[in-house]
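Participant: Sequence:
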Amino acid sequence: MHSTTAFVLSALASSVLAAETVHNVQVGPSLTFTPDTVQAAEGDWVEFTFGEGHSVAQSTFAAPCVPLSDGTSVYSGFPSDGDVWRIQINSTDPLWLYCSASGHCESGMAMVVNPPSSGNTLDAYKSAAQNAQGSSPANVQGGVFGAASASASGSSSPSASASASGSSSSASSSASASGSSSSASSSGSTSASATSASASAAASPSNGAEPVSVKNGLLFAGAVAAGVAAVL
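For the sequence shown, position 201 matches number 201 in this note's numbering, and the numbering has no gaps at all.
Do not take every clue at face value.
Cβ-Cβ distance ranges computed for the label pairs, FRET-style [unchecked claim]: (1) G53 with N90: 26 to 32 Å; (2) A138 with T37: 25 to 31 Å; (3) G43 with S117: 16 to 22 Å; (4) D81 with S117: 35 to 41 Å; (5) Q133 with A41: 32 to 38 Å; (6) G53 with S91: 27 to 33 Å; (7) S127 with P35: 17 to 23 Å; (8) G119 with S69: 19 to 25 Å; (9) S118 with A147: 32 to 38 Å; (10) Q141 with E52: 19 to 25 Å; (11) L68 with N131: 15 to 21 Å.
In silico DMTMM-like pairs for lysine to aspartate or glutamate, Cα to Cα no more than 25 Å straight-line [what the hints assert, rightly or not]: (12) K126 with D93; (13) K126 with D70; (14) K126 with D36.
The set of hints was computed from the structure by calculation and includes no laboratory data. Every value quoted in this text rests on a predicted model; they were computed, and no experiment measured them. Just so it is clear, CB atoms sit at the ideal spot from N, CA and C, and this is done for glycine as well.
Just need the whole structure built from these sequences, with the hints factored in.
Facilitator: Next up, the structure:
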């Protein structure tokens, strides 16, 4: 029973983790995001690896290179060269991103997650950005530092914590399932051996006739062992 439950929990945790895709984007070292267009489903991660002197910030299509007016722009700050920062996608609406370093967005350093199927294009955004006055959001927010595969359970991001806990639960459940299966297998083998030994002893009595009480005891023990094996 415990073995079956652990196996089911492990399978469910694995399927949830497998459903989340990580999209990798290189930020710099030149004035580019590579790739600059990403198609992501809800729950997917977009993971940015930074070159020195670059950032990731969010704007609208209508106001390139400028943070959202309500203060909710995702913003990485300026990580060190090689650092990784990631965001989890919670909508399939277009997400317009730019580098907020002075002059970078105006020079075309921008990208989009889930571009619209028609109308507003990244090229149009970059064209409008040439006349923008770029700036940075006030606070680093909306993302998590560290690669998805190395996510720690102590992360300040609720989404990241849930992901890490799920991995831990999956590993624990797998170990539990494995242990339970081994235990069941071992018990089954022991019971089968005991039954075999009892049957062999009953079939090959020593010195001719065997006392009735001993024979009955062996048969009873064999029946009990077989019953235990059937339950397990």
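Participant: Checking against the hints above, which ones are violated?
Facilitator: none
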